[in-house]
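Undergrad: Chain by chain, the residues:
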Amino acid sequence: MSSQHPLVVILAALWFSSLAIFIPDPIWLAVLLLLCLLFRGSLVGFELKLWVRQIGKFIPLIALVIIFQIIFSDPGISLKGGHYLDLSGAGFRTGVNVSLRLLIVFFSAQVLLRLSYEDFDLAFRALRLPEELCFMVFYVVHLIPAATGQIKHNLRLLHLRGIDLNKLRWKAKLQLYQRISLTVIAGLFSGSDIQATALDLRGFRSSGPRSCLHTRSFGLSDLALTLVLAGVTSLIIITI
Amino acid sequence: MSASLFHLQALDFAYPDQPLLLKQLSLTIAPADKILLTGANGSGKSTLLDLLAGMLKPRSGNLLLRGNAPSAQAPEAFRELVFRRQKAADDLFGLVPRHDLEAWRLAWPECFSEDAVQNLGDPLLDMLDTPYSRLSAGELRAFTLLWLPLLQDKFWLLDEPTAGLDASRQQRFVELCASKLDSGYLIVSHSTALPARLFTRVLSLENGALKELG
Numbered sequence: 001m002s003s004q005h006p007l008v009v010i011l012a013a014l015w016f017s018s019l020a021i022f023i024p025d026p027i028w029l030a031v032l033l034l035l036c037l038l039f040r041g042s043l044v045g046f047e048l049k050l051w052v053r054q055i056g057k058f059i060p061l062i063a064l065v066i067i068f069q070i071i072f073s074d075p076g077i078s079l080k081g082g083h084y085l086d087l088s089g090a091g092f093r094t095g096v097n098v099s100l101r102l103l104i105v106f107f108s109a110q111v112l113l114r115l116s117y118e119d120f121d122l123a124f125r126a127l128r129l130p131e132e133l134c135f136m137v138f139y140v141v142h143l144i145p146a147a148t149g150q151i152k153h154n155l156r157l158l159h160l161r162g163i164d165l166n167k168l169r170w171k172a173k174l175q176l177y178q179r180i181s182l183t184v185i186a187g188l189f190s191g192s193d194i195q196a197t198a199l200d201l202r203g204f205r206s207s208g209p210r211s212c213l214h215t216r217s218f219g220l221s222d223l224a225l226t227l228v229l230a231g232v233t234s235l236i237i238i239t240i
Numbered sequence: 241m242s243a244s245l246f247h248l249q250a251l252d253f254a255y256p257d258q259p260l261l262l263k264q265l266s267l268t269i270a271p272a273d274k275i276l277l278t279g280a281n282g283s284g285k286s287t288l289l290d291l292l293a294g295m296l297k298p299r300s301g302n303l304l305l306r307g308n309a310p311s312a313q314a315p316e317a318f319r320e321l322v323f324r325r326q327k328a329a330d331d332l333f334g335l336v337p338r339h340d341l342e343a344w345r346l347a348w349p350e351c352f353s354e355d356a357v358q359n360l361g362d363p364l365l366d367m368l369d370t371p372y373s374r375l376s377a378g379e380l381r382a383f384t385l386l387w388l389p390l391l392q393d394k395f396w397l398l399d400e401p402t403a404g405l406d407a408s409r410q411q412r413f414v415e416l417c418a419s420k421l422d423s424g425y426l427i428v429s430h431s432t433a434l435p436a437r438l439f440t441r442v443l444s445l446e447n448g449a450l451k452e453l454g
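Line order of the protein sequences matches chains A and B.
Position 84 (the first sequence) corresponds to 84 in my numbering; numbering is contiguous.
In my numbering, each residue carries its 1-based index in the second sequence increased by 240.
What the hints contain is simulated information worked out from the structure, not anything from laboratory work.
Keep in mind that a hint or two might mislead.
Said to hold, decoys possible - With beta-carbon atoms standing in for the labels, derived distance ranges: (1) Leu133/A / Asn302/B: 49 to 55 Å; (2) Lys451/B / Gly56/A: 55 to 61 Å; (3) Gln54/A / Ala436/B: 48 to 54 Å.
Quick reminder that beta carbons are idealized off the backbone N, C-alpha and C, glycines included.
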């Protein structure tokens, strides 16, 4: 995927998502989001149109979070007071923070999604962790995208039959959504079963040293990225 | 309404980070055309079908279904088509064939009445509640074709429809095609089970270009 060792990529993605949760300052969160985008861009390319589309999909959620925080948070600096409603400045700040956190976690998760099973295997092997763990983590990371793909596929099947969900009555619509969700859940379970059997057949539980087709050593770019992350962490600790 | 069903002009297509698979394709398909599409493995036949069904978008050029791009069409535009892919399981909705039947019934209540379905008289109707995971590849394929007699007036886009079918089902499929009068089909096939009399046009896809063979 890139010149970076997969372990460093995974650690960096975890670093971004962990800091996003712990940092309280919106400016630092904005900087972190920028760094996260740079990190993702340097690994998989700067697909600006895709980023705009992805952020666009978050806008309704972001708006909703900010509105709810403004209305229901403790006042802090009151934006607009009223008899029934007191709009909160602190709520606005919390809303912005939550939105930035969501975006950072989303974009760092997107980096993990670009890693193949082989990448996860290389990363876990570098830590001398068992392949079972690697399989479980890889499967969980890909669970939501797999489910999303299956939902889209099922909706597409209805589209190809000429069924417009928007024009259906609620009862029919609910029945179709129930069918789709059952199909997706069943598909995920049976998929994990097949994957686990495939791994069993490859004998990954057998004793003795593990063999591997591809190996990867850490390079200068891995060291550079680690130093940058360490530097930013120190800066955040000093300034906050 | 446009007289042609599909109209392709100077269409190019490539998968991401891959060389061009389809180059400058131009083709017009009328609703009554009965077309056999042949070509070597990997020549892009299934890809062309995916493009026609709006599953993929061309890189450049025009591809129109009744005057509009299939990928941008509302579901209503697809009511004129039946699309069946190479992998049968990809075309079946839900967990069991009954779910698939109910989805078709929702789209076409008058065609898929209980009587019409029972009149098909196919032994597969006894397996409507058998999960797809317990059906063989041939049975899955047969289920994707089971409803075609009720969809005779649609234009069929079928990718290797006879693959995995036993001889009697292949024969029934040939008879079904031969009796189809209301509209046409485009069938991708390598099978020798489909006689030349079923087709009014034969197209071959070679090196990304279409050649009309007859």
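Undergrad: Hint numbers the structure violates, sorted upward?
TA: Hint 2 contradicted; others consistent.
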